[in-house]
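Take a look at the letters that make up each chain.
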Amino acid sequence: MARTYHPPTALQRIRRGYFSNRLDTAMTLGFGAFVAWALWSLADWGIVNAVWSAENREACGHGAEGACWAVIDARWRLILFGLYPFEEQWRSALACVVMVLVGGLSCLPPFWSARRIAALWIGGFAAFYILMRGGFFGLPEVFEQNWGGLSLTLFIFASVTLLGMPLAVVFALLRRSDLPWIARTMGLVIDTIRSLPLLSIMFTFAIVLPFVLPGWLTGDKLYRVIVGYALFFACYQAEILRGGMQALPAGQEEAAKALGMSYWHRIGHIVLPQTFRNALPPTINQLVITFKETSLVAIIGFFEVLASGNAAYGTSEWNFAHVEVYCFVALIYFVFVFALSRYGAYLERRMAVASR
Amino acid sequence: MTALLKQKSVRDAVYQIGFVGALLALIVMFALSARSNLEAQGLTSGFGFLARSTGWGVSFSLIEFDSNDTYLRVICVGLLNSLFLGAIALSLATVLGTAIGVMRVSGNRMAELIGTTFVETFRNVPLLLQVFFWYAILTALPRPRDGIDLGGIVFLSGRGIYLPGLNVGGGAVLLVFVALVATLGLWLWLKNARRFARMAPARKVRVSRSLWLGWVLLAVALLWAGRIAGTDLLTLPYLKGLNYAGGIRVSPELLACIVGISIYGAAYIGEIVRAGFNAVGPGQSEAGHALGLSTWQTFTRIRLPLAIRAVMPTLINQYVWLFKSTTVGIAVGFVDFFMVISTSINQSGQTLELIAILMGGFLMINYSLAWVLNRVNDAIRLKGTQLRS
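If you read the protein sequences in the order shown, they are chains X and D. Note that the numbering used here numbers the first sequence so that position 35 is 35, with each residue one more than the last. If you count the second sequence from 1, you need to add 356 to reach the numbering used here.
I should point out that these hints are in silico values taken from the structure, not numbers from a laboratory. These numbers were taken from a predicted model, which means no experiment stands behind them. Where hints are given, some of them may not hold.
[To be verified] With a straight-line Cα cutoff of 27 Å, these simulated BS3-like cross-link-like pairs (lysine-lysine) come out: (1) X:Lys257 <-> D:Lys364; (2) D:Lys560 <-> D:Lys547; (3) D:Lys560 <-> X:Lys257.
[Said to hold, decoys possible] Listed next, with one range per pair, are the computed distances between beta-carbon atoms: (4) D:Leu428 <-> X:Gln145: 36 to 44 Å; (5) X:Ala114 <-> D:Ile444: 45 to 53 Å; (6) D:Gln703 <-> X:Gln145: 24 to 32 Å; (7) D:Ile444 <-> X:Thr192: 25 to 33 Å; (8) D:Ser724 <-> X:Trp264: 37 to 45 Å; (9) D:Val384 <-> X:Gln145: 50 to 58 Å; (10) D:Gly637 <-> X:Ala183: 36 to 44 Å; (11) D:Val370 <-> X:Pro249: 30 to 38 Å; (12) D:Ile419 <-> X:Cys107: 49 to 57 Å; (13) D:Ser724 <-> X:Ser113: 39 to 47 Å.
No residue lacks a Cβ here, since even glycine has one placed at the ideal position from N, Cα and C.
Start from the sequences and build out the full structure, keeping to the hints where you can.
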């Protein structure tokens with residue numbers, strides 16, 4: 001007689017997951033109590049006893065029971081837009097929306113070709129820059145020194161990616177070159193840069209580079225930091241791409257050679273498309289790290305979203321509200337990073353299905 | 357000429373000379389322009405400034421330092437502080453991360469929920485923000501006079517955390533540490549070297565146990581010998597006037613860095629450990645149960661050792677990466693290697709030399725960290741017939 005498979009009922013699943021033996025039951029109860037206590041005190045602090053509006057800010061301060069979200073109500077413009085002129089802040093907001101839209105669109109399969117994704121990013125980046133900088137179409141000019149908040153974070157992230165990705169391809173190709181001196185020198189450069197902390201590279205580019213460059217090459221401090229960060233990103237990304245290239249069967253390139261394809265055709269039509277596909281999950285991971293580490297420019301003296309958060313509670317009026325401000329800024333980062341990493345996990349699952 | 361360029365070997369040589377030459381030319385251009393810039397400021401290049409006295413002090417140092425000491429010494433102070441912070445934060449991150457990883461594979465849904473929440477919360481927020489957060493919380497603690505008293509042993513205040521300590525000279529502590537490194541080296545030698553390959557495994561275990569026991573005894577003896585005369589061996593903090601006396605003060609800067617880096621690192625290490633457990637096949641623990649081992653024994657004797665071995669290479673990269681991230685200490689004013697270098701650049705103007713020292717220092721630390729951990733990996737990894745999945 002053939003036994004039929006019964007899927008476990010909800011009760012059975014709960015029993016297996018939470019109360020399978022005595023130790024399991026004890027763990028469930030102990031950790032459950034902890035979770036309940038944590039949730040309760042969080043809700044008590046963040047919702048029940050919280051002060052929400054800036055009008056009754058007297059209610060919060062030292063000795064208050066709950067969170068003082070009034071600081072966000074009063075200072076959100078500073079956190080999101082930094083020192084951007086008040087009347088022009090809609091431009092900064094619109095620029096952020098454009099950048100998020102570009103990021104979202106590049107997650108859709110119709111944009112997954114080299115030409116389209118490059119067009120999307122370059123177009124989006126140009127729109128972002130025109131909106132932020134102004135000077136065209138009757139928009140008043142706003143210089144980079146006044147950029148700040150979320151739009152500066154997004155600007156640094158987008159320009160590092162846009163600059164670093166082609167550079168990474170070049171680095172990876174040079175490192176796997178057949179010519180030993182080129183491959184070895186590139187390997188040395190990549191390994192050296194990878195073993196340095198990002199902060200020291202940003203610092204070198206921001207503070208030290210003007211010493212060693214002739215005056216006409218110096219450029220603005222913001223752009224020097226971006227170039228340094230892009231170089232760092234490119235070295236990490238080049239290693240990821242090299243891993244993706246190594247996963248390609250040697251026959252692929254040999255077959256292309258046998259068909260008489262030139263080097264650039266082999267790279268452009270055979271190697272790189274498959275490399276990017278292989279290397280997609282670690283690439284997303286690298287983008288996640290890159291987004292988080294844009295916060296380091298706050299140390300070099302830029303007014304991105306973390307630094308403007310610091311400024312938001314830096315006045316004597318709000319100096320007690322550090323936890324609330326950091327929670328808000330953390331939430332902003334979390335939304336971006338979590339979305340990106342979930343997307344990476346989704347892609348990984350999808351590709352695992354495809355290669356089965 | 358064109359005929360010559362049609363030969364592949366000639367073309368290859370031209371490419372390579374061109375590439376390496378261009379890089380060298382870039383470096384020479386940097387050096388020349390730096391020299392002319394320095395001369396314009398009246399500074400001489402070279403490492404002579406290392407012997408000059410700094411004229412400024414540091415807020416935290418493991419060795420004696422005052423403003424009359426030299427630049428060389430202040431760089432050593434920064435390097436030691438970085439290593440100190442890295443050693444503490446990385447070990448805490450490992451312990452916490454392993455616990456989180458184990459919770460996520462424990463099979464208990466509630467433990468998995470806590471582990472997942474921890475990882476997703478702390479991994480998706482920048483490290484710098486977390487360090488700022490902990491620093492703000494620690495400095496907002498009450499003044500020492502109203503400090504929080506934990507059983508009369510530990511005191512929490514906005515000036516720092518006060519812990520009980522030992523009245524032992526710095527030299528003895530250093531010697532204990534040197535002995536630890538030496539013991540680790542001897543242990544790795546015993547495990548790896550070919551001359552001990554034929555030693556009976558049981559004897560090897562005995563020798564390595566006595567090696568570690570020897571270190572513990574030596575450490576106790578050294579600490580006893582190095583105690584500062586005329587004081588109790590143990591010193592407890594107590595309130596004296598407006599501040600605490602006795603005990604060890606852990607500054608908010610150091611503590612914020614330790615807490616931030618260990619939690620952030622633990623979130624990453626937890627994920628790695630989880631991947632390690634998933635890499636150990638179910639047949640291993642089933643076989644353990646079939647042999648009559650308890651769940652705890654199967655876990656500690658079979659799954660954990662196999663998981664650690666499976667993820668050791670990934671962990672090594674993670675440690676190097678985490679060590680590099682200790683540089684965020686500068687944001688809250690912890691005197692680490694990077695901060696010392698950047699202050700020295702401001703004060704002395706010897707930019708290029710100091711940047712070279714910074715890069716050399718990090719290259720050295722990272723390569724030696726990776727080298728030591730790779731030797732550990734060689735010592736514990738599974739060989740030949742031990743490989744089963």
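Unmet hints by their number, sorted upward, for this structure:
Hints 3, 9 not satisfied by this model.
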